[in-house]
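J.: Residues per chain are reported as follows:
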Amino acid sequence: MTFRRTATKTDFEREVMPHMGSLYGVALRMTKNEGEAEDLVQEAVLRAYRFFDSFEAGTNCKAWLFRILTNAFNNRYREREREQEILGEVETSEANIGQFVGGAPRDAETALLGRMLSRDVERALAAVPGEFRLAVILADLEDFSYKEIAEIMECPAGTVMSRLYRGRKILQKLLYDYAVEQGIVRTTATGSSPDAPVDLDEYRRKKSSSEA
Amino acid sequence: MQCSEADAFLHAYVDGELAGLDRDTVEQHLVDCDDCSHRCRLMARFKAAVRGHLRRPDVPDGLRRKIAASLASAPPIQRHRIWHEYPRAVPAAAAAVALFAILGSARQGNRRAPVLLQQAVRTYHSSLPMDVVASSCDQVARWFRGKVDFNVASPHLGDVAACLGGRVINVQDRFGAYFLLDAPGGHRVGMMVFNAGDEDDLGGPIRRTVGGHEVYFGTAHGASTAAFRERDLAYVMTSDLGEDALSNMIETAWHEPQQAQ
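Those protein sequences? They're chains A and B, same order as listed. Going by our numbering, the first sequence opens with residue 616, and the numbers climb by one from there. Going by our numbering, the second sequence opens with residue 2, and the numbers climb by one from there.
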């Protein structure tokens, strides 16, 4: 590929088509509906095609595509997501999340990890509110770095971190609840301490001032 | 480090987002603290379990057909008007693509970038804050004194880039200095400086002489890199800019070998 010529359909297909599986997988988990996921991916791919010339080859194509997909998703579902966030707020408020990791007795946590069912994980993920869900999907299923997720979701890296950590906590809590319901885990976690805020800067400041 | 402090770092640690002193501090705490070490293992297992349970669904054939049909009937790709609005973006983007074209063949051969370059790119992509924030490279270079075991010279960047800050990093088994620079158009450039021996592999697929230095250019994980040696030090630059912009920057900052300060 030389740059003086305009990119062709073949260039586009070579760059973009390998990411179809990822795009569809994320679209499906975000829309929770096969037809809507197909529409969303189709829209994102065609939009990417239209703006393919603004994509700088050699840069991260997958992240670029997911940014387009996320924009398309937000445009379509912003209203719906907002409703969901408000509804979701009650069950995911700080006091109710508790701590799976470190909060429950060790044997209960280990039992849960060993006996989780795929359909429960899928169900729990679907119940995590939109932005938290997207952060978890991008980091844990698609291997994006915090920086890439920040670009895709168009937010600061600190926000990515808090969405991701919170998303994981909610997911863990839901799975823990399912396991208790199903009698896999008998003990209920107690003493749900509020999460420590994600503030690495604060730690560094304290550390450097104590050293000074 | 206290457990409550470690807590904020553990996710980032499990996600491979920590480098340098942060990572060392967390690892030391994990050695000392059974509880955090247990939590950390659980986090990693949970992450792996979620991933293992959530299989990527197959793309429906119908969707592939619909997209293929839409593309078949779509007009050819247009040159986007961004070129006219931002003429300065053209050379950089052109360089990025040309670089990609050359590296495309190397990548097909699955050639992995040398470990040092991979580390530079990882550091570049991690958005962790700088240890020191300053708009003057001189100031950042002075800040490194006593923190790394070599004399960090300040790059004379003129107006090709401005300093954002610095950070002490681990380069394999030694300390290194890391500058973060801001190039026009919102582009970021990372510059890693460290003591280099003959055994350190800086090689990239392209070698050119720039500003009196043999510079190796390459790409890894979506960033371009330029690496060269000066006396006992190695410099590795990482950026979302292409080869030409990095080359221009090196030419400006090292147009003649710098005098040791």
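The set of hints was computed from the structure by calculation and includes no laboratory data. Accuracy of the hints is not assured; some may be wrong.
[To be verified] Under 8 Å between C-beta atoms, here's a sample of chain B residues computed to sit facing chain A:
1) A50
2) R66
3) L72
4) E215
Ideal Cβ placement from N, Cα and C applies to all residues, glycine included.
J.: Each hint should be assessed against the structure and marked as holding or not.
T.: Verification of the supplied hints:
Of the supplied interface hints, the one on B/A50 holds, with its beta-carbon coming within about 6 Å of a beta-carbon of chain A, less than 8 Å. The restraint placing B/R66 at the interface with chain A is violated, with a minimum CB-CB distance near 11 Å, outside the 8 Å limit. Annotation: B/L72 was flagged as interfacial toward chain A, and the flag holds, the nearest CB pair being 6 Å apart, inside 8 Å. A least Cβ separation of about 22 Å between B/E215 and chain A goes past the 8 Å threshold, and the interface hint is therefore violated.
When held up to the earlier numbered hints, the structure conflicts with 2 and 4 and fits the remainder.
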